[in-house]
Each structure stands twice: as C-alpha cells, then as structure tokens.
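Visitor: Sequence:
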Amino acid sequence: MGDHGLELTIAVPGFSSSSGSEGGGCNTNGNNYNMRELDINQPAFGEDEMEFPMGSIEEEIDEGREAQRPKKLRLSKEQSRLLEESFRQNHTLNPKQKEALAMKLKLRPRQVEVWFQNRRARTKLKQTEMECEYLKRCFGSLTEENRRLQREVEELRALRMAPPTVLSPHTHEPLPASSFTMCPRCERVTAAIPVRASAARPQPPTFSPFNPRRPSAAF
DNA sequence: TTCGTCAAGAGGGGGA
DNA sequence: TCCCCCTCTTGACGAA
Numbered sequence: 001m002g003d004h005g006l007e008l009t010i011a012v013p014g015f016s017s018s019s020g021s022e023g024g025g026c027n028t029n030g031n032n033y034n035m036r037e038l039d040i041n042q043p044a045f046g047e048d049e050m051e052f053p054m055g056s057i058e059e060e061i062d063e064g065r066e067a068q069r070p071k072k073l074r075l076s077k078e079q080s081r082l083l084e085e086s087f088r089q090n091h092t093l094n095p096k097q098k099e100a101l102a103m104k105l106k107l108r109p110r111q112v113e114v115w116f117q118n119r120r121a122r123t124k125l126k127q128t129e130m131e132c133e134y135l136k137r138c139f140g141s142l143t144e145e146n147r148r149l150q151r152e153v154e155e156l157r158a159l160r161m162a163p164p165t166v167l168s169p170h171t172h173e174p175l176p177a178s179s180f181t182m183c184p185r186c187e188r189v190t191a192a193i194p195v196r197a198s199a200a201r202p203q204p205p206t207f208s209p210f211n212p213r214r215p216s217a218a219f
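Residue 1 is where the first sequence starts when you use UniProt numbering, and the numbers rise one by one after that.
No lab work stands behind these hints, which were simulated from the structure alone.
In this text, a Cβ means the ideal position worked out from N, Cα and C, and glycines have one as well.
Incorrect hints may appear among the rest.
[Claimed, not checked] With beta-carbon atoms standing in for the labels, derived distance ranges:
#  : residue 1 : residue 2 : range
1  : Leu159    : Glu131    : 40 to 48 Å
2  : Phe139    : Leu167    : 46 to 54 Å
3  : Pro95     : Leu125    : 22 to 30 Å
4  : Ser168    : Asn146    : 40 to 48 Å
5  : Lys96     : Thr143    : 47 to 55 Å
6  : Glu84     : Asn146    : 37 to 45 Å
7  : Val114    : Leu149    : 47 to 55 Å
8  : Phe139    : His172    : 51 to 59 Å
9  : Gln89     : Lys124    : 13 to 21 Å
10 : Arg74     : Thr143    : 39 to 47 Å
11 : His172    : Gln150    : 32 to 40 Å
12 : Glu152    : Val114    : 54 to 62 Å
13 : Pro95     : Asn146    : 49 to 57 Å
14 : Ser80     : Phe139    : 30 to 38 Å
With the sequences and hints as input, model every part of the structure.
Guide: Shown next, in the form of structure tokens:
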C-alpha cells in the first residue's frame, strides 16, 4: 500500500464504515434501497459539502421519486479498476484507507467495504474451485495408477498359481515348482532335483522368477 | 424464461 | 460493547 493516496487521512463528519448509513438504505417495504443515480460518476458532493450520493438519493426517495431511478448500483469501469488495483495491493483495508478510497471513488466507505468483502469471497471461491479441480485430477491419476497396480497384482497372482511347465531331462515329467532355484552366476531360474512330489504345491515365493528385477514382497 | 454475476443486507463469530 | 470480517442470502440486471 502506499500510492493512489490510500494513506490519506480524511475525516468525514457523520460517516464511518459502520455508521448505520446502510441501514437507512432499506426502505420499510423491504425493497432495495437507495440505489444511486444512473451516472454514478457524477460528483456526489460539492467542494464544501461532504455528502455521499446515497444520502442524497435517500432524500429523493423520501420525496417519492424513487421510481425514476435504477435500483441496482453498477460500479463504473474506472471505479472497478481502482478497486481491483487496491485489492491487488492489499486484500483488506484499514479505516483510513477505506475512507480515502471511498473519497477517491465517490462512494461511501460502506460500499468500499462491501466491495472488498465480496471480492475476498470471490477470490476464495475461485481458489476453492481450483483446488477442487486439482484434487479431481489427482484422484483420477491415482485411480488409474491403482487400477494398473491391481492388474499387475492379478497377473502376478495368475502366474504364481500356474508356474511354467519344465520337464525333467531324466523322466520327461513336469518338475514341481519347488524344484526351481536360481543360478547364482547367471541369475536365471534352473531346475533342481525334486525332494518330494508333494512339494509341487505352490510355496510363498522368496523370489519372483518371472520378474527378477521386481521383488515379490508386494504380495 | 433461465442463469450467472454482483452489490448489498443479515446474522454470527472473534478480538480488543 | 464495538468493530470488523466471514458466510449466506436476496434482489436487480444483463446475456443467452
């Protein structure tokens, strides 16, 4: 903060950020309220008369001329630009900054305050939406990774349940799985002499012969 | 007519 | 108790 005169201290008699002036905005039928004149860039108060535009409109409402004016304030491009500029510098305003900015924009401090509140809310909403999208993408990629790993597990289980058939060079009968061992020199699976025929039952592997680079501890 | 946006009100919480 | 902020809501308005 610092430029744009936001550090300016301005004392405005009868106005504060929560002076209840907005309370006078609502008329008794619950309708909205003291909307400003269409040309909100018109000077709201003269050189020697500190009066915010809403106040003057309230007086007009009292005179029964409210039907002639728009009911909703739209900030001008220049007002929005200045507010955005201030918001980029600081997401909150102290009372002095608020007063100064209101003076500069010819708005009430309450309007500046509301604009910043809504702007913060919009920023937070946008951030939340972006976080949501990011988490969705994370969920999608993790789901895909999970599927891939599940498939891999299934494949490994299938291979474990149906070991490759190796015929004995002597009997030409299939060797049991327990007869396989690993050659320490070439790191290939070789057939050992079967101890018992019942050992053909699948054993918990200490080594996965079908994927030597990958430990089988994931089972 | 519907829908999205936005200014503003209402109400509640927290800090001094 | 007051002030400020946050959240939810309302109502006006413009675009499709």
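Visitor: State for each hint whether it applies.
Guide: To see whether the hints hold, each was checked on the structure:
1. Leu159 x Glu131: 40 to 48 Å: holds, 42 Å
2. Phe139 x Leu167: 46 to 54 Å: holds, 49 Å
3. Pro95 x Leu125: 22 to 30 Å: Given a distance of about 26 Å, which is inside 22 to 30 Å, the answer is holds.
4. Ser168 x Asn146: 40 to 48 Å: Since the Cβ atoms of Ser168 and Asn146 sit about 42 Å apart, the hinted range of 40 to 48 Å holds.
5. Lys96 x Thr143: 47 to 55 Å: holds, 52 Å
6. Glu84 x Asn146: 37 to 45 Å: With Cβ atoms ~43 Å apart, the hint holds.
7. Val114 x Leu149: 47 to 55 Å: With Cβ atoms ~52 Å apart, the hint holds.
8. Phe139 x His172: 51 to 59 Å: holds, 54 Å
9. Gln89 x Lys124: 13 to 21 Å: About 18 Å separates the Cβ atoms of Gln89 and Lys124, which means 13 to 21 Å holds.
10. Arg74 x Thr143: 39 to 47 Å: For Thr143 against Arg74, whose Cβ atoms are near 45 Å apart, the range 39 to 47 Å holds.
11. His172 x Gln150: 32 to 40 Å: holds, 39 Å
12. Glu152 x Val114: 54 to 62 Å: Since Glu152 and Val114 have Cβ atoms about 57 Å apart, the given range 54 to 62 Å holds.
13. Pro95 x Asn146: 49 to 57 Å: Cβ of Pro95 to Cβ of Asn146: about 54 Å, so the range 49 to 57 Å holds.
14. Ser80 x Phe139: 30 to 38 Å: About 37 Å separates the Cβ atoms of Ser80 and Phe139, which means 30 to 38 Å holds.
Of the numbered hints given earlier, the model fails none.
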